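J.: Work the whole structure out from these sequences, hints included.
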Amino acid sequence: AQTVTQSQPEMSVQEAETVTLSCTYDTSESDYYLFWYKQPPSRQMILVIRQEAYKQQNATENRFSVNFQKAAKSFSLKISDSQLGDAAMYFCAYRNSGTYKYIFGTGTRLKVLA
Amino acid sequence: KAGVTQTPRYLIKTRGQQVTLSCSPISGHRSVSWYQQTPGQGLQFLFEYFSETQRNKGNFPGRFSGRQFSNSRSEMNVSTLELGDSALYLCASSTGLAGGIADTQYFGPGTRLTVL
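Here the protein sequences come in this chain order: A and B.
Counting from 1, one number per residue, gives the positions in the first sequence under the working numbering.
Counting from 1001, one number per residue, gives the positions in the second sequence under the working numbering.
Take the hints with a grain of salt, since some may be wrong.
[What the hints assert, rightly or not] Straight line, CA to CA, 30 Å or less: simulated DSS-like cross-link-like pairs of lysine-lysine:
no., chain 1, residue 1, chain 2, residue 2
1, A, Lys111, A, Lys78
2, B, Lys1013, A, Lys101
3, B, Lys1057, A, Lys101
4, A, Lys78, A, Lys101
5, A, Lys101, A, Lys70
6, B, Lys1057, B, Lys1013
7, A, Lys70, B, Lys1057
8, B, Lys1057, A, Lys55
9, A, Lys70, A, Lys111
10, A, Lys73, A, Lys55
11, B, Lys1057, A, Lys73
12, A, Lys101, A, Lys73
13, A, Lys55, A, Lys78
14, A, Lys55, A, Lys101
15, A, Lys70, A, Lys55
It is worth saying that the hints were derived from the structure and are not from the lab.
Source: prediction; values computed, not measured.
T.: See below:
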């Protein structure tokens, strides 16, 4: 069975600095997708960024980028120029290609310090 | 385009009662998935419906059930409520058609269920 592990329950970053959130996963599949979701205190889960396993190029969305290491089964999220609005729970998620069952990590709470 | 909506947003029930939660997906989306979120267990997948059929199921007891209507709206029912059922219940919708990365889930705001 696939698993997703986020080993950092909580992290802090100074405003305007860069922070990296870690995520590792375990799977025997070769075709899958990885996601980072953000859940602010208002609770609405928002998609931040996504990555296809067969693409070697790391995905980037504005200040958010990932470091995808397929062999190491690692999928970290880098947030550059952190802003107060980035404070939230961040969840890493996995999905096999062709299925609709997402497996989520336990989340990392990110605090942004002014 | 309107996002995923869930009703009610808050619910308080007592042990032994049953509850029904509702989810309206984004227009055009035919897949609806349900998740239970608790501080201890994180996000746990309950089930996914597509075109009124349950397509995927998580590891929850039979007290948790769902259905989907022809307009893709979905309901989740929990019977014989237990204290441990207190959680945030999230639903998410997607087109459910291709399974590719573009078919990403978008979440609703959740229903906070408290069981006393």
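J.: Give me the numbers of the hints this structure contradicts, sorted from smallest to largest.
T.: none
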